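K.L.:
Listed here are the chains, written in short residue letters.
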Amino acid sequence: MAKVHVSTTVNGQPMDVLVEPNDSLLDTLRDGLGLTGTKEGCATGDCGACSVMLDGRLVCSCLVLGAEAEGKTIDTIEGVADGDGLHVIQQKFLEHAALQCGICTPGFIVAAKALLEKNPNPDETTIRYWLAGNLCRCTGYDKIVRAVQDAADELASPA
Amino acid sequence: MGDYAYAAPATVDSTVELLSSSANSGTRTQVLAGGTDVLVQMRSTDRGARLIVDIKQLAETNVLSVGEDEIYIGAAIPSAILNENAELKGLLPGLIESADLIGSTQIQGRASIGGNLCNSSPAGDTIPALIANSAVCHIVGADGERDVPVEDFVTGVGTNCMAPHEFLLGLRVPTPKGNTGDAYLRFIPRTEMDIAVAGAGVRLTLDDSGACTAARVGIGAVAPTALVVSEAADALIGTQVDDDALNAAADACSAAASPISDKRGTVEYRIKVVGVLCKRAGAIARDRAKA
Chain X
-7 MAKVHVSTTV NGQPMDVLVE PNDSLLDTLR DGLGLTGTKE GCATGDCGAC
43 SVMLDGRLVC SCLVLGAEAE GKTIDTIEGV ADGDGLHVIQ QKFLEHAALQ
93 CGICTPGFIV AAKALLEKNP NPDETTIRYW LAGNLCRCTG YDKIVRAVQD
143 AADELASPA
Chain C
871 MGDYAYAAPA TVDSTVELLS SSANSGTRTQ VLAGGTDVLV QMRSTDRGAR
921 LIVDIKQLAE TNVLSVGEDE IYIGAAIPSA ILNENAELKG LLPGLIESAD
971 LIGSTQIQGR ASIGGNLCNS SPAGDTIPAL IANSAVCHIV GADGERDVPV
1021 EDFVTGVGTN CMAPHEFLLG LRVPTPKGNT GDAYLRFIPR TEMDIAVAGA
1071 GVRLTLDDSG ACTAARVGIG AVAPTALVVS EAADALIGTQ VDDDALNAAA
1121 DACSAAASPI SDKRGTVEYR IKVVGVLCKR AGAIARDRAK A
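If you're matching them up, the sequences are chains X and C in order. If you read the first sequence in my numbering, its first letter stands for residue -7, the second for the next number, and so on. If you read the second sequence in my numbering, its first letter stands for residue 871, the second for the next number, and so on.
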C-alpha cells in the first residue's frame, strides 16, 4: 500500500509521519508516533479509551483515519500535564481513587478536560451525559464523577 | 482486490472526477464524512480494500446556511456543530434532536446527518426527521447536480439511489414558516446511545385557530427503509391535532409499519410502539408550533 505522508501538530509540536491509508489516528499516535498514553479499548467508538482532541473537538481517535490528521491540531493525554505538574483533573482522579486498572483513565481525563473547558460548572447530570461515551469497568463511575466535580470546584476557586 | 488508498480532493469537480475514473476502472470507492460508520465497518463487517474519498475538505459540504426559504446543511457538518447553532435549533428542534440522539459526545464531534443518511440504515435516526421536514438531497456527480426527495433516497437496507460517481453535497430543508413545529422521538431500552427499536418524526403547521394546515410524518426502524406516512399526515390535517386526530395518525403509522423481529423488539411490539411515538411526537410538534 502506498503510504500517506501526514504533517500534523500533536500537543503543540509539529510532527511528520507516514501512515497506511487505513490506519486509524489511534494507530498513528501509538505505533507511528510512540504516544501510547491514548489507549485502544473497543476500536469501534463505543468505549472512549482513545479519546483525543482534534482541532479542539473531542473525538474517538479509533474512528478517525491517521491520514485525516493532515494539517490538524491534535491534543492527547500526553499534553495534559505541565511537565511534572499534574493537571487538576489528573490530581483529583488520584485523590478520589477514580481509577483502578487505568485503561479508561486517559480517555476520561481528556474528555473531562474538554467538558470543563466548555462548561466550567457542570452539574452531575451534565457530567454523566458528557462522559457517557467513556466506559469504565472498574470504578462504577461514582468516583470519576466526584473527581470531575472536585476539579471543577478547584478550577473555579483555586486553593 | 487492490490496496487501500486515501484521497481528500480540494474541489467538487476533482472529487467527481476521482469517483468517475475509479468507477470506470473498477476501483471500489467509499466516500468519507465523519467516519463513525465507515471506520467501524472497515474494522468489522467489511474489510475489503477501497479508495477512501474524504469530502470534508470541500467548502460545499461544510455550508450551513439559514435562508428565508431554505435551510442548507452541508453533508460533512458534524452533529456537534448543528447542536451548537441556536438559530438552527430554534427552527428545527426535532431534526437537531434526531442527530443529537446518535452516539456519545465523541461521536457527536464527527458524525454528520449526511453520513447518517448515506449509511442508509433502516434505523438511522435522522431519516424520519428529515422526511418529516420534507428534506431534499442535493447530489452531485458526473452528470451534474440533481435533487432527490429524502424519502426516495434510501432504496433498501444499506443502499441508496446514488451512482458510484455521485456523492451527497448537502440537504435542503424548507425553512419553517408561521406556526410550524417539528419533533422526533425514538424508543430504545436505555436512556441514550442505542439503536432505535422504532422512531417517528412529525412536522406540522397550524393556522391561527390552531387547525393543522400541513403535516408530514416519517417513521423509522419498522421497515427496510424509513417511510413517509401520508395517511398519518392526512389524519392530522384539518384537525386541532387533538387526541382523536393523534390516535388516528398513530393507527396509520402502525398500519404502514412492516418490521422484523430481532433482539431489539418483536414485530408486534414495533408496530404498537411506532404509533405511540407518532402520537407523542405529534403532540410535541403541535405544542412547538403554538409556542
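Keep in mind that a hint or two might mislead.
[Unchecked claim] Covered stretches of chain C, going by a simulated chain X footprint (3 or more residues, C-beta under 8 Å):
1. 875 to 882
2. 953 to 965
3. 1094 to 1102
[Claimed, not checked] Straight line, CA to CA, 27 Å or less: simulated DSS-like cross-link-like pairs of lysine-lysine:
4. Lys(-5)(X) / Lys926(C)
5. Lys135(X) / Lys110(X)
6. Lys110(X) / Lys1142(C)
Keep in mind that the hints were calculated from the coordinates and are not lab data. Treat the numbers as computed from the prediction; the structure is a model and nothing was measured. Positions of the beta carbon are idealized from the N, C-alpha and C atoms, including for glycine.
K.L.:
Evaluate each hint against the coordinates.
P.N.:
We went through each hint and held it up to the structure:
Counting residues of the segment 875 to 882 of chain C whose CB lies closer than 8 Å to any CB of chain X gives 3, so the stated coverage by that chain holds, three being the minimum. For the segment 953 to 965 of chain C, the stated coverage by chain X is violated: 0 residues have a C-beta nearer than 8 Å to a C-beta of that chain, whereas at least 3 were required. Against chain X, the segment 1094 to 1102 of chain C contributes 0 residues with a C-beta closer than 8 Å to a partner C-beta. That does not satisfy the three-residue criterion, and the hint is violated. For a cut-off of 27 Å, the pair hint linking Lys(-5)(X) to Lys926(C) stands: about 20 Å separates their Cα positions.
For the suggested pair Lys135(X) and Lys110(X), the alpha carbons sit about 21 Å apart, so the restraint of at most 27 Å is met. For the proposed pair Lys110(X) and Lys1142(C), the alpha carbon gap of about 41 Å is over 27 Å, so the pair is violated.
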